[in-house]
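**Student:** Here is how the chains run, residue by residue.
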Amino acid sequence: MGWLVSTLHLHVSAAQAAAFARAGVYVVLGVALARLTAVAVTRATRHMSAQERVLLRRLASYAVLGLFLASALREAGFRFDVLLGAAGILTVAVGFASQTSASNMISGLFLMLERSIAIGDVINVAGTVGEVLSVDLLSTRLRTFDNLMVRIPNQTMVTTQITNYNRLPIRRFDLQVGVAYKEDLAKVERALLDIADRNPLCLEDPAPLLISMGFGASSINYQLSVWAKRENWLELRNRITREVKAGFDELGIELPFPHVELYTGPVTEPFPVQLVNPAVASGGSLASPPRVGGAPSGEGPDTGVDGGPADRSARTAGDQTADPEAER
Amino acid sequence: MSDAVRAGRWWGETPLTAGGLRAWRIGPYRLWVRATAREWRLWSFASGDAMEDGVTLAIEADEAELPANAGVTRVGLAVDAPVLVLKPAPADRDVVVRPDIPVVVPSGVRLDLYLTTAVWVIATAGTGGPTLLDQPSHRLSDTWFGPNTLEGELAYAIRTAARLELEEIPHRPHRAITKVTVVNGTRDAFPLEKLKVPVAALALYASPETGLWTDHVTLERRQATDEAEASVGSGPGVPGVRAERVAEPRVTTTPRFSLNAFGRLLGV
Numbered sequence: 001m002g003w004l005v006s007t008l009h010l011h012v013s014a015a016q017a018a019a020f021a022r023a024g025v026y027v028v029l030g031v032a033l034a035r036l037t038a039v040a041v042t043r044a045t046r047h048m049s050a051q052e053r054v055l056l057r058r059l060a061s062y063a064v065l066g067l068f069l070a071s072a073l074r075e076a077g078f079r080f081d082v083l084l085g086a087a088g089i090l091t092v093a094v095g096f097a098s099q100t101s102a103s104n105m106i107s108g109l110f111l112m113l114e115r116s117i118a119i120g121d122v123i124n125v126a127g128t129v130g131e132v133l134s135v136d137l138l139s140t141r142l143r144t145f146d147n148l149m150v151r152i153p154n155q156t157m158v159t160t161q162i163t164n165y166n167r168l169p170i171r172r173f174d175l176q177v178g179v180a181y182k183e184d185l186a187k188v189e190r191a192l193l194d195i196a197d198r199n200p201l202c203l204e205d206p207a208p209l210l211i212s213m214g215f216g217a218s219s220i221n222y223q224l225s226v227w228a229k230r231e232n233w234l235e236l237r238n239r240i241t242r243e244v245k246a247g248f249d250e251l252g253i254e255l256p257f258p259h260v261e262l263y264t265g266p267v268t269e270p271f272p273v274q275l276v277n278p279a280v281a282s283g284g285s286l287a288s289p290p291r292v293g294g295a296p297s298g299e300g301p302d303t304g305v306d307g308g309p310a311d312r313s314a315r316t317a318g319d320q321t322a323d324p325e326a327e328r
Numbered sequence: 001m002s003d004a005v006r007a008g009r010w011w012g013e014t015p016l017t018a019g020g021l022r023a024w025r026i027g028p029y030r031l032w033v034r035a036t037a038r039e040w041r042l043w044s045f046a047s048g049d050a051m052e053d054g055v056t057l058a059i060e061a062d063e064a065e066l067p068a069n070a071g072v073t074r075v076g077l078a079v080d081a082p083v084l085v086l087k088p089a090p091a092d093r094d095v096v097v098r099p100d101i102p103v104v105v106p107s108g109v110r111l112d113l114y115l116t117t118a119v120w121v122i123a124t125a126g127t128g129g130p131t132l133l134d135q136p137s138h139r140l141s142d143t144w145f146g147p148n149t150l151e152g153e154l155a156y157a158i159r160t161a162a163r164l165e166l167e168e169i170p171h172r173p174h175r176a177i178t179k180v181t182v183v184n185g186t187r188d189a190f191p192l193e194k195l196k197v198p199v200a201a202l203a204l205y206a207s208p209e210t211g212l213w214t215d216h217v218t219l220e221r222r223q224a225t226d227e228a229e230a231s232v233g234s235g236p237g238v239p240g241v242r243a244e245r246v247a248e249p250r251v252t253t254t255p256r257f258s259l260n261a262f263g264r265l266l267g268v
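Chains as they are written, first to last, in this note's numbering: chain A, 1 to 328; chain B, 1 to 268.
Read the hints as simulated data drawn from the structure, not as lab findings. Glycine included, each C-beta is placed from N, C-alpha and C at the ideal position. Hints should not be assumed to be uniformly reliable.
Claimed, not checked - Here are the in silico distance ranges between beta carbons for each label pair:
no.: 1; chain 1: A; residue 1: V31; chain 2: B; residue 2: A18; range: 56 to 66 Å
no.: 2; chain 1: A; residue 1: S218; chain 2: B; residue 2: G152; range: 50 to 60 Å
no.: 3; chain 1: A; residue 1: V150; chain 2: B; residue 2: G12; range: 48 to 58 Å
no.: 4; chain 1: B; residue 1: V251; chain 2: A; residue 2: R46; range: 15 to 25 Å
Unchecked claim - If you want the ones that stay clear, here's a sample from chain B, every Cβ over 10 Å from chain A, calculated:
no.: 5; residue: R34
no.: 6; residue: T73
no.: 7; residue: L77
no.: 8; residue: V85
no.: 9; residue: D100
no.: 10; residue: V104
no.: 11; residue: D112
no.: 12; residue: T131
no.: 13; residue: D142
no.: 14; residue: A157
no.: 15; residue: A161
no.: 16; residue: T181
no.: 17; residue: G185
no.: 18; residue: E229
no.: 19; residue: E248
Just chain A, same shape as in the assembly:
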């Protein structure tokens, strides 16, 4: 250590020390002025969008900082003409070394100029949905709705499909609804359009659209497409689902869930069924003899093939004594 200090004493003259001190002052002054410039630009650009404000603030503060750093280097004895002379070689070297970074920087510039996203927009990038916090020199930062910070390189942003949920003022919601096969479809269609008509969040124009989606496994399917102001989209989505359920309940329209009918077929072994709950077996409509295998029927769950809680309790009891072979 003593050796280093003595060497410095030997090689750094008083004039050089003064030049380094001036350079240091330039750096400190540059940082302070760059910060002041950033504050001033932020105040002067209040009427602009967040994206434009950030861009201008960075440009101004980097420019001020760059000028002062260049002055500091000159004061310290750094010769820029040498740098310019070696610029060609330097450019190639830096280009190779920072290919990815340069690509990200250029992509960032394209992103800013293209204005496809802005700070505060909610976007979807390759399945990641979040709010844009910043578009920086190398990357774009998103805050996901579960409050995670996601950093996406700008190059990825340029080459990936981006969905911006904030760009247009109105948005459509498609509600998939299935109704039972027994229903009067004209009544169903009237009911769905009435529900959309009564909801004040649902735009009158573009008008709600009802599309028949065909015959499903357990239901006849419709798509009700309704439009809402972007800010109301989520509320409309929740409300319209609730209102369709309530409206259908009021009109007695069945919203079916998938039904599974077990059928073993005439050429297979009979399906063993046993009712062991005496209360069910001895009285009421379920007292009919258990169906043993065979033909399909519309009775469904209540036959004891598969059912609700009562059926489950019967089966639990039966598990203790049932001998499937004895029932054939």
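Using the hints provided, position chain B relative to the given structure of chain A.
**Tutor:** Same frame as chain A, but now just chain B:
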């Protein structure tokens, strides 16, 4: 029944007793207000029936009568002698009016239509005091008005009989009448399927006989350019209607403003 209630006049000042609950009814809109030493509490509720009529003013109420789904607003404000001021206000967006049956406007014809739109209720603590509430008396349906889903603007939508006779208009306390004059200066007749009324740019007037009015609007379709021009005239624009100005427009605009295309204004 007071003269104000008979005339459907619900706006004005009401001194309140500290801690007491008072209730108003303005057509489908209900309002309950309680002012205590340090806060105002306002409950509001709209029945959803745009045609509901009737007015009750500042009657004493019990908190047990409040509907479970009434929205509540709390404002921290200390006032020695609380006075509630209610004012009507025009809608905060333009309104797209769609006649139940489109009206055909023949060439060269000047047609007067009468429309009614719901007004907003503004509550302030004293005259010129802070705003406590600014709500629609009836929630209007949203709509989009533009040539496609990219260009256009959000507006409210109403369906109307688009009456041509003023005498046929029912007077409701929460609705303001707008006289719209449509002038067809072209050679062809056109069906008036919908029109956008710049309600937010209209002032409100009160007439003792016929209730609330807005400024009158003229929409003129011209031959040469096929462009429409809308102009806003001061006052109801109906001879014989005495009315005093009770609310200013929400947005200021020039008395005459033209739009790019007639279709943008009238939706044809």
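**Student:** Run every hint past the structure and note whether it holds.
**Tutor:** Here is how each hint holds up against the structure:
For the hinted restraint 56 to 66 Å between V31/A and A18/B, the CB-CB distance of approximately 58 Å keeps it satisfied. In this structure the hint that S218/A and G152/B lie 50 to 60 Å apart at CB is violated, the actual value being about 40 Å. As the Cβ distance of V150/A to G12/B is approximately 56 Å, the hint placing it in 48 to 58 Å holds. With their beta carbons about 22 Å apart, V251/B and R46/A fall inside the hinted range of 15 to 25 Å.
The beta carbon of R34/B is kept farther than 10 Å from every beta carbon of chain A, the shortest such distance being approximately 28 Å. No Cβ of chain A comes within 10 Å of the Cβ of T73/B; the nearest lies about 19 Å off, and the non-interface call holds. With a least beta-carbon separation of about 28 Å from chain A, L77/B lies farther than 10 Å from that chain, consistent with its non-interface assignment. Residue placement check: V85/B keeps its beta carbon more than 10 Å from all beta carbons of chain A (closest about 28 Å).
No beta-carbon of chain A is positioned within 10 Å of the beta-carbon of D100/B; the least distance is around 13 Å. With a closest Cβ-Cβ approach of about 21 Å to chain A, V104/B is found to remain outside the 10 Å limit, as its non-interface label requires. Annotated as non-interface, D112/B keeps its C-beta farther than 10 Å from every C-beta of chain A; the closest such distance is 25 Å. No beta-carbon of chain A is positioned within 10 Å of the beta-carbon of T131/B; the least distance is around 22 Å.
Not every beta carbon of chain A lies more than 10 Å from that of D142/B, the smallest distance being close to 5 Å; the non-interface claim is violated. At the 10 Å boundary, the C-beta of A157/B falls inside the reach of chain A, the nearest C-beta of that chain being 4 Å off. At the 10 Å boundary, the C-beta of A161/B stays outside the reach of chain A, the nearest C-beta of that chain being 17 Å off. Taking the minimum C-beta to C-beta distance to chain A, about 24 Å, the non-interface status of T181/B holds against the 10 Å cut.
The claim that G185/B lies off the interface holds: its Cβ sits roughly 26 Å from the closest Cβ of chain A, which is beyond the 10 Å cut-off. Once the 10 Å rule is applied to beta carbons, E229/B is consistent with being away from chain A; the minimum gap is 23 Å. Once the 10 Å rule is applied to beta carbons, E248/B is consistent with being away from chain A; the minimum gap is 25 Å.
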